[in-house]
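K.L.:
Okay, here's what each chain looks like letter by letter:
Protein chains: 2
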Amino acid sequence: MENSISYIDKVKSHILVHLKTYQHSETIYNASKYSVEAGGKGLRPLLLFTALEALNTDISKGLSAASAIEMIHTYSLIHDDLPAMDNDDLRRGKPTNHIIFGEGTAILAGDNLLNESFNVIAKDKELSAEIRIKLVETIATASGQAGMISGQMLDIEAEERPTSLDELETIHAYKTGALITAPVTAACIIAEAVPEVTESLQNFSEVIGVLFQIKDDILDIEGNPKITGKNIGSDAKKGKVTYVSELGLEGAKTALQQKETEAYRILDSLDELIETAGLRKIVQMFAERDQ
Amino acid sequence: MENSISYIDKVKSHILVHLKTYQHSETIYNASKYSVEAGGKGLRPLLLFTALEALNTDISKGLSAASAIEMIHTYSLIHDDLPAMDNDDLRRGKPTNHIIFGEGTAILAGDNLLNESFNVIAKDKELSAEIRIKLVETIATASGQAGMISGQMLDIEAEERPTSLDELETIHAYKTGALITAPVTAACIIAEAVPEVTESLQNFSEVIGVLFQIKDDILDIEGNPKITGKNIGSDAKKGKVTYVSELGLEGAKTALQQKETEAYRILDSLDELIETAGLRKIVQMFAERDQ
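Respectively, the protein sequence lines represent chains V and B.
Note that numbering that gives the first Met the number 0 has the first sequence beginning at 0, numbered continuously upward.
Note that numbering that gives the first Met the number 0 has the second sequence beginning at 0, numbered continuously upward.
Pulled out of the complex, with its shape left as it was, chain V reads as follows (with noise of 0.2 Å):
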């Protein structure tokens, strides 16, 4: 897995290169590369390129799609902390984008993520023509109205009235789930899979989505505030439905290790087909992880 986690500094200076080389806008590339830089874990890439070495594909083939999707994971926090929707002046122990570069030029760099992350692909003569468009298919399916833009929606209107738990897993399936399916996909459109695994890992990137989430709800009551960059309880305190919430603490814990077990139960049924020990790894960090 050291190849693969190495490859995430590569997925950023990727995205820079891309943004500093086709730009007629200092500010809009200083804006955009602000959040690029102030970005995470890289989690999303990580998923993609451990997914390509267990379908036994070179890594280097992932890195367009890989940008693309950190892209968009990126454009839509900066949407996301914007006044009129979460209001948030820090990310990551960072002041937001608005914060330093004010509401229009946020709106601007965010939209401009979200335009280029498509454009990266596009530019990857390294890829068929096939491949490049399915995988357009395939990221603007996740990232918008059938996955991340429908979960953010319905996640704002759930602020305002009670939401049971079939609702809240409907709301995260598309606002954090669609991105983190979409990594794994597109590994298995760019190593041409058979139909097979495609499912089985798509089975178990939905699960893994599902225990990411419980384990950010967690963490929103029990993380170290100078490790997750944000203050113990903010969820709570907007009045959002969380997993913590609606099962309790210990409720939670449980479900996140309910999830662990099935998502190493696919990988078990996979082990003849493909090298699943990267994507065990992930499982457990996922799960472990403290920020």
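What the hints contain is simulated information worked out from the structure, not anything from laboratory work.
Please read these numbers as outputs of a predicted model, since none were measured by experiment.
Cβ coordinates follow ideal geometry from the N, Cα and C atoms, glycine included.
A hint or two may mislead.
Below, simulated DSS-like cross-link-like pairs (lysine-lysine); rule was C-alpha separation at most 25 Å, straight line [as the list claims (entries may be wrong)]: (1) K122(V) / K32(B); (2) K122(B) / K124(V); (3) K60(B) / K60(V); (4) K122(B) / K122(V); (5) K19(V) / K32(V).
Some, not all, of what chain B presents toward chain V, calculated at C-beta under 10 Å [as the list claims (entries may be wrong)]: (6) A30; (7) A37; (8) G38; (9) A83.
Dock chain B against chain V, hints included.
P.N.:
Below, chain B alone, put in the same frame as chain V:
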């Protein structure tokens, strides 16, 4: 040209069918639909279809690219109208998106139209993968940091200090010109036009892009508010640099005529290679429009 004009309605319904089919939030669908339906004259789709006719290619092949460009145009208006940007309450005589749906939803609806524009092209299985990915690259380059988004940023920054005519031309080339060139380039990609024709038609589209903007600036002063749907002198009031503020009203009209002549001259040079009648009507329409 009857064909290409009648095709504009098909663009709106094509967009709405896509938006309705692949969504998981009624609010996002309704907010996106509102601005698509409030949408304008469909000049960019008209240009794409007319260029396809000139290139003797079935205009139905341009439906997804025309839809994508119109969706991008629409999203840019939603975000442009936001309080953090131009802060406009009215657009074409109707309340702007954020006035009806609120700022947060308007931001997400704009994101959605941008995101889904590339999905519409990716899902168009009538076009080869090669053509679809070229369309994604061409359109993303026109609408992103190499085109429209940088133009919007430069435009905002230009309001804060004196601006020259040269600078004004650069801003408009990115802000509006790129998305007027894109439909013409898209038509050349779909028709697989020879490089000589593509190059001339791109020059043509750049000229009519400037012509379009000069006319816009003249209409801001001379237009009928009941027809244009905006107040007289609204750009001037915002302190925007326009062709009229730089050249005076008569100077702007002379510049308009010069661009008209230049556009016809390019079409003259193409007369033996393609059917230019429809494109000539477009020049006339751009120069003589009252909205």
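K.L.:
If a hint holds in the structure, say so; if it does not, say that too.
P.N.:
Tested hints:
The straight-line distance between the Cα atoms of K122(V) and K32(B) is roughly 31 Å, outside the 25 Å bound, and the hint therefore fails. At most 25 Å may separate the alpha-carbon atoms for a hinted pair to count; K122(B) and K124(V) meet this at roughly 20 Å. Taking the CA atoms of K60(B) and K60(V), the gap is near 31 Å; set against the 25 Å cutoff, the hint is violated. Distance restraint check for K122(B) and K122(V): the Cα-Cα separation of roughly 19 Å lies within the 25 Å cut-off, and the hinted pair is therefore satisfied.
Only pairs whose Cα atoms come within 25 Å are accepted, and K19(V) paired with K32(V) is accepted, the gap being roughly 9 Å. Given the 10 Å rule on beta carbons, the hint for A30(B) holds: about 9 Å separates it from the nearest Cβ of chain V. Checking A37(B) against chain V by beta carbon gives a least distance of about 19 Å; that is not within 10 Å, so the hint is violated. The interface hint given for G38(B) is violated, since its Cβ lies 18 Å from the closest Cβ of chain V, which is over the 10 Å cut-off.
Among the interface hints, the one on A83(B) holds; its C-beta lies about 3 Å from the nearest C-beta in chain V, closer than the 10 Å criterion.
Violation of the numbered hints given earlier is confined to hints 1, 3, 7, 8; the remaining hints are satisfied by the structure.
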